[in-house]
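Engineer: Chain by chain, the residues:
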Amino acid sequence: MRKYLTVFAIDWQNQFIYRLNFVLWRFRNILRVLMTYFLWSTIFSVQTSVFGYTREQIMAYLLLVIFLYGFVGSSPSNDNIGGEVSSGALNNFLTKPIGYLRYWFTRDLSSKLLNVIFAVGEIFLLWLIFRPPLVFSSQPAVILIGILMLVSAVIIFYLLGKLALASVFWAPENTWGFMFVVLVLMEMLTGLIFPLDILPRSAFTALQFTPFPYLLYFPLAAFIGRLSPLEAVRLLFQSLVWLGILFYLVKRVWSAGYKVYSASGG
Amino acid sequence: MPVIEVKNLKKYYRVHQKEPGLAGSIKSLFHRKYYDAKAVDGVSFSIDEGELIGFIGPNGAGKTTTLKVLSGLLYPTSGHVSVLGYIPWDRKPAFQKQFSLVMGQKNQLWWDLPAMESFILNKEIYEVPQAQYNKTLDELVDLLEVKDYLKVQVRKLSLGQRMKMELIAALIHSPKILFLDEPTIGLDVVMQKKMRDFIKEYNRRFNSTIILTSHYMDDVKELCERVIIIDKGKLLFDGALSEIIKKFANHKLLTVVFSEPVDEKKLADIGVVKKFDYPQCVISVRRNATSLAAAELLQHFPVADLNIEEPQIEDIIREVFTGKDLA
Numbered sequence: 001m002r003k004y005l006t007v008f009a010i011d012w013q014n015q016f017i018y019r020l021n022f023v024l025w026r027f028r029n030i031l032r033v034l035m036t037y038f039l040w041s042t043i044f045s046v047q048t049s050v051f052g053y054t055r056e057q058i059m060a061y062l063l064l065v066i067f068l069y070g071f072v073g074s075s076p077s078n079d080n081i082g083g084e085v086s087s088g089a090l091n092n093f094l095t096k097p098i099g100y101l102r103y104w105f106t107r108d109l110s111s112k113l114l115n116v117i118f119a120v121g122e123i124f125l126l127w128l129i130f131r132p133p134l135v136f137s138s139q140p141a142v143i144l145i146g147i148l149m150l151v152s153a154v155i156i157f158y159l160l161g162k163l164a165l166a167s168v169f170w171a172p173e174n175t176w177g178f179m180f181v182v183l184v185l186m187e188m189l190t191g192l193i194f195p196l197d198i199l200p201r202s203a204f205t206a207l208q209f210t211p212f213p214y215l216l217y218f219p220l221a222a223f224i225g226r227l228s229p230l231e232a233v234r235l236l237f238q239s240l241v242w243l244g245i246l247f248y249l250v251k252r253v254w255s256a257g258y259k260v261y262s263a264s265g266g
Numbered sequence: 001m002p003v004i005e006v007k008n009l010k011k012y013y014r015v016h017q018k019e020p021g022l023a024g025s026i027k028s029l030f031h032r033k034y035y036d037a038k039a040v041d042g043v044s045f046s047i048d049e050g051e052l053i054g055f056i057g058p059n060g061a062g063k064t065t066t067l068k069v070l071s072g073l074l075y076p077t078s079g080h081v082s083v084l085g086y087i088p089w090d091r092k093p094a095f096q097k098q099f100s101l102v103m104g105q106k107n108q109l110w111w112d113l114p115a116m117e118s119f120i121l122n123k124e125i126y127e128v129p130q131a132q133y134n135k136t137l138d139e140l141v142d143l144l145e146v147k148d149y150l151k152v153q154v155r156k157l158s159l160g161q162r163m164k165m166e167l168i169a170a171l172i173h174s175p176k177i178l179f180l181d182e183p184t185i186g187l188d189v190v191m192q193k194k195m196r197d198f199i200k201e202y203n204r205r206f207n208s209t210i211i212l213t214s215h216y217m218d219d220v221k222e223l224c225e226r227v228i229i230i231d232k233g234k235l236l237f238d239g240a241l242s243e244i245i246k247k248f249a250n251h252k253l254l255t256v257v258f259s260e261p262v263d264e265k266k267l268a269d270i271g272v273v274k275k276f277d278y279p280q281c282v283i284s285v286r287r288n289a290t291s292l293a294a295a296e297l298l299q300h301f302p303v304a305d306l307n308i309e310e311p312q313i314e315d316i317i318r319e320v321f322t323g324k325d326l327a
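The listed protein sequences correspond, in order, to chains A and B. Start counting the first sequence at 1; every next residue gets the next number (full-length UniProt numbering). Start counting the second sequence at 1; every next residue gets the next number (full-length UniProt numbering).
Bound-form chain B, shown alone (with noise of 0.2 Å):
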């Protein structure tokens, strides 16, 4: 039984288009253009009960406003979307106690108070009985060991511990159901390891379900076996991280250490060169010519050592959403 399905969301949004510089500006003041602009394109998927989906694409791809809508603060322009079994924009309470939205820019704590009484107040406005936030509290201080923080002013932590605070403000209910809309941004690589090993903790202590969006690979890599591409408001993937290779990579690298200087037009024969220095080579080749063109570099070039690898995913998502095709 999925907790979320979304079937065929669109979300298009009417853009105001100016024309630049002072005329543009008093001309807009009695006739403005409209575009619609199609941040969400017709999405489907499902997601089932404590899994913890990686959801990426580059800057505008349609993330965040899938999130909106999923958290209720957007309405779709169509399509059908259950969260829990609730509409999310008709946001009823009962459906709010029970889901958690992080955005990694915005914050909700007290910017003049210690976090601690930020907490305090969710576990008001959530309604959680005093035992229960007493354990929750315990646990994520502990998790994220912010213990020696909770009293001072949230104006005066560092970038890291206040995105942890963040964190806490919003598990304090023990959500079902969390969005965390780049996590880790601005973080430095300590931080940002320190952020990825909490949430696969909590997704794996309290078997909830998890949304990510980020910009940085290493977080899906290392936190989901599931991943969701879209671009330009369309689902382009949604499947295992290691399918993304299978699906997308019709290419694979073959490394080449020469044992005496080669001509580089020739080695244009054999595939594109994507790096040549001297004795290394790195060429990509289409992924069913692959051993043709081991073959052919074995036997016409001195070849002192040759490797065949996968390409990086980084390199395939990127091509994927530049649209480039390498081999």
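Here chain A stands alone, though its shape is the one from the complex (with noise of 0.2 Å):
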């Protein structure tokens, strides 16, 4: 345990060398709550209730999912592993008693912690100039799942990405794997842009059988009180499968990996 809090501290002090890259990536979030609100703005614009929700909802909506983003999405592994396996500084790990996803996991955390002091200063500027209303729901137990989901789902993502990653094994000139699938149907399918309610109810439903919606719109959803309890603990169990499906996947496939590298040497 204590290498990884090691490597946490690290990577800390790691990120602060990359100051101008954070601040870009910070800016990058920024500007994606702006485009959002300007399209959101010309919708309301000629009606005043989109969907059920109204111009101060969506807002608040949004405001959230970007703070949720920052959080989940943050993830350096997705952009260096691919790089790592093939160029064969893999190597510097298999000889070593450390575990390599945990390694990177570790490394990921550090950055989502460091995300998040920053989005947490952002949305408050942005509440100060949209003023939306923040609704949260009233319910405890609720919050609580909410954050058990939001656990979840960063488990989800950092193995959805590398289980994506793991091609690179097979295909060590395509580093970037089908990591850029994951990250479009990332933007598209886990409420980053709009809230998944929107759309019709059977689209919905059979999105519930992808791991996507367990991301960011479900654990925002338990935040702001769109979710009963039994729903809530329903959807917090669904996500649980998908954690389980996707971490005996990634096992299986990365340890079929491995012994593709040890074939072939890096």
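Hints were generated in silico from the structure; no laboratory data involved. Virtual Cβ for every residue (Gly too), placed ideally from N, Cα, C. Each hint should be verified, as a subset may be incorrect.
Distance windows between CB atoms, simulated [claimed, not checked]:
id, chain 1, residue 1, chain 2, residue 2, range
1, A, Phe-180, B, Tyr-75, 24 to 34 Å
2, A, Trp-170, B, Asn-8, 48 to 58 Å
3, A, Phe-180, B, Ser-44, 42 to 52 Å
4, A, Arg-28, B, Tyr-75, 38 to 48 Å
5, A, Gly-83, B, Ser-25, 20 to 30 Å
The list that follows gives simulated cross-link-like pairs (lysine-lysine, BS3-like), each with its CA atoms no further than 25 Å apart [stated by the list, open to error]:
id, chain 1, residue 1, chain 2, residue 2
6, A, Lys-259, B, Lys-33
7, B, Lys-92, B, Lys-151
8, B, Lys-38, B, Lys-10
9, B, Lys-200, B, Lys-221
10, B, Lys-92, B, Lys-10
11, B, Lys-246, B, Lys-265
12, B, Lys-106, A, Lys-259
13, B, Lys-38, B, Lys-232
14, B, Lys-156, B, Lys-97
15, B, Lys-176, B, Lys-106
16, B, Lys-232, B, Lys-194
17, B, Lys-7, B, Lys-275
18, B, Lys-275, B, Lys-246
19, B, Lys-194, B, Lys-176
20, B, Lys-97, A, Lys-259
21, B, Lys-135, B, Lys-200
22, B, Lys-176, B, Lys-97
23, B, Lys-147, A, Lys-259
24, A, Lys-259, B, Lys-7
25, A, Lys-251, B, Lys-92
26, B, Lys-38, A, Lys-259
27, B, Lys-275, B, Lys-265
28, A, Lys-259, B, Lys-274
29, B, Lys-247, B, Lys-221
Using the hints, put the two chains back together into the complex; each one sits in its own frame.
Structural biologist: Put into structure tokens, the structure is as follows:
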């Protein structure tokens, strides 16, 4: 355990070296909020309510979803693992008593913490400008379940990325793997741009059979009081089922990947 | 009791062959031809504790592949390998804590932070107790004379300084076995010498077992009593450095200084003329014909001086690798 705490501490220091990178990444997040805001403003310029959401409710949703995205979606492992495997830098880890995927999960957590600290400040500024009414669930139990769903979401996103990246073991020249596909789906199907419940009922139900809505939409729905306690428990359970499935898949695929790697060398 | 045992190790890679050009690329999308590259092909050796072994061979001989098998990065196609009683590719933490692999062309240090941070991380990864860590670090920093650079960003260090830091990072858990793959590559001669001195001293002081691969014969000549030579995946020689000469050098060199000009063509009867630069001439002759050739020279040529020498070890090894027989 201590070794991973040290990884966390060192990664934290390392992040401060890349100050400019970090500032730009946060700037991109703010731009994203503004862009989505103007998109919705246009829609609301012709009508006062869309799909059962008022202008203020949408703004509140967007602010919070961007906050959650900073937490769930910041994952430097996705940018680095492909390159490390194909260049052979993975050797450094395979000869040491440390788990490679745990190591990167730790670094992701370090990145998430830094992002959240900045996101709090940004959200506060944006809130000052737009003053949307932030409404939260009145039931502490649902909030608590929401937090658990969020933890599950962080792990699900990590595992999805690692599953997509594992292709690099078989095709070392393809370091980005299917990561691009995961990220596009992340934008469209997780509730990042619009609340998923504005979709037709059938589409919304079908989405529940994919891991994507569990990444952002459902945890957020729990926080803003759109879920009953019973629904929240059911969705948490479904989220954990996805976590379990992905955990199993990643384990299997990576152990097969390590075998291929050890057959051909880095 | 040997710490490393390798019996009939084979490692074949499946290599994809692509025909040249765009057409070849398109063709390889649908149909790929493979062949087996025999990186290591039936190598056996055993190494005792505290030995410092030079592992030499030309590029692609199978040196690095063997080191990778020994450190558990690759599993072999066949053969038996035991390192400290472990099967390396099981990658057991108890085994990993006892060896270190340093590749001259790869680095493990955190590029943007001072090397000190990487040392601290390795201390935790290998679970080295604080007191032992302090002692080891002090000793290594002292031996390698890098005290002033510990707090400098790794990216700002020179190649030589960085290589020293890489070594410290690799040694912070006091490994019993050290695999060094081209540790002096790219370093200037002064730094190469310092590296060598360090490796020698480290081996002496801690009785650690070291296997070193290198292109530079100087590394091997100065450091290793025993060398293992492999080429094209096969073991060519395993023994004392001095034995190489006995085994492979079937010729000696006669260096003659003439007092008057001679006909170069006539010298060809004596042996192979390697260099003729009047008045000096170097002739390579078969070992068992040395005295005869010398007598011949003295009798029929105006000789001012004559020397009989063993060939240079570099030359012998080059001949072994190229399969040429010079005498």
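Engineer: Please go over all the hints and tell whether each is borne out by the structure.
Structural biologist: A quick look at each hint next to the structure:
1. Between A/Phe-180 and B/Tyr-75 the beta carbon distance is about 32 Å. The supplied range of 24 to 34 Å therefore holds.
2. Distance hint check: the CB atoms of A/Trp-170 and B/Asn-8 are about 30 Å apart, inconsistent with the given range 48 to 58 Å.
3. One distance hint, 42 to 52 Å for the beta-carbon pair A/Phe-180 and B/Ser-44, holds here, with the actual separation near 48 Å.
4. Look at A/Arg-28 against B/Tyr-75: about 44 Å separates their beta carbons, and that is inside 38 to 48 Å.
5. For A/Gly-83 and B/Ser-25, the Cβ-Cβ distance of about 23 Å falls inside the hinted range of 20 to 30 Å, so the restraint holds.
6. Restraint check for A/Lys-259 and B/Lys-33: the C-alpha separation of about 22 Å stays at or below 25 Å, so the hint holds.
7. For the given pair, B/Lys-92 sits about 33 Å from B/Lys-151 by alpha-carbon distance, which is inconsistent with the 25 Å threshold.
8. As the CA atoms of B/Lys-38 and B/Lys-10 are separated by approximately 8 Å, the hinted pair is consistent with the 25 Å bound.
9. Between the alpha carbons of B/Lys-200 and B/Lys-221 the distance comes to roughly 12 Å, so the proposed pair stays at or under 25 Å and holds.
10. Using a Cα cut-off of 25 Å, the hinted pair B/Lys-92 and B/Lys-10 holds, with the two alpha carbons roughly 22 Å apart.
11. Proximity of B/Lys-246 to B/Lys-265 is assessed by CA-CA distance (about 30 Å); at most 25 Å being required, the pair is judged violated.
12. Taking the CA atoms of B/Lys-106 and A/Lys-259, the gap is about 22 Å. The hint holds against a cut of 25 Å.
13. Simply put, B/Lys-38 and B/Lys-232 have alpha-carbon atoms about 8 Å apart, close enough for the 25 Å limit, and the pair holds.
14. With a CA separation close to 30 Å, the supplied pair B/Lys-156 and B/Lys-97 exceeds the 25 Å bound.
15. In summary, the hint linking B/Lys-176 to B/Lys-106 is supported, as the alpha carbons are separated by about 21 Å, within the 25 Å threshold.
16. Proposed proximity of B/Lys-232 and B/Lys-194 is contradicted: the alpha carbons are some 31 Å apart, above 25 Å.
17. A distance of roughly 44 Å separates the Cα atoms of B/Lys-7 and B/Lys-275; the hinted pair therefore is violated under the 25 Å criterion.
18. Among the hinted pairs, B/Lys-275 with B/Lys-246 is consistent with the structure: their alpha-carbon atoms are about 23 Å apart, no more than 25 Å.
19. In summary, the hint linking B/Lys-194 to B/Lys-176 is supported, as the alpha carbons are separated by about 22 Å, within the 25 Å threshold.
20. The suggested pairing of B/Lys-97 with A/Lys-259 holds, with an alpha-carbon distance near 22 Å, which does not exceed 25 Å.
21. Taking the CA atoms of B/Lys-135 and B/Lys-200, the gap is about 20 Å. The hint holds against a cut of 25 Å.
22. Restraint check for B/Lys-176 and B/Lys-97: the C-alpha separation of about 9 Å stays at or below 25 Å, so the hint holds.
23. Between B/Lys-147 and A/Lys-259, the direct Cα distance comes to roughly 41 Å. Violation of the 25 Å bound is thereby established for this hinted pair.
24. Of the supplied pair hints, the one linking A/Lys-259 and B/Lys-7 holds, its CA atoms being roughly 22 Å apart against a limit of 25 Å.
25. Straight-line distance between C-alpha atoms of A/Lys-251 and B/Lys-92 comes to about 18 Å, which keeps the hinted pair within the 25 Å bound.
26. A threshold of 25 Å between alpha carbons decides the hint, and for B/Lys-38 with A/Lys-259 the separation of about 19 Å falls inside it, so the pair holds.
27. Annotation: proposed proximity of B/Lys-275 to B/Lys-265 holds, straight-line Cα distance about 13 Å (limit 25 Å).
28. The hinted pair formed by A/Lys-259 and B/Lys-274 fails the criterion: a straight-line CA distance of about 51 Å is larger than 25 Å.
29. Between B/Lys-247 and B/Lys-221, the direct Cα distance comes to roughly 17 Å. Compliance with the 25 Å bound is thereby established for this hinted pair.
In this structure, the hints that do not hold are numbers 2, 7, 11, 14, 16, 17, 23 and 28, in rising order.
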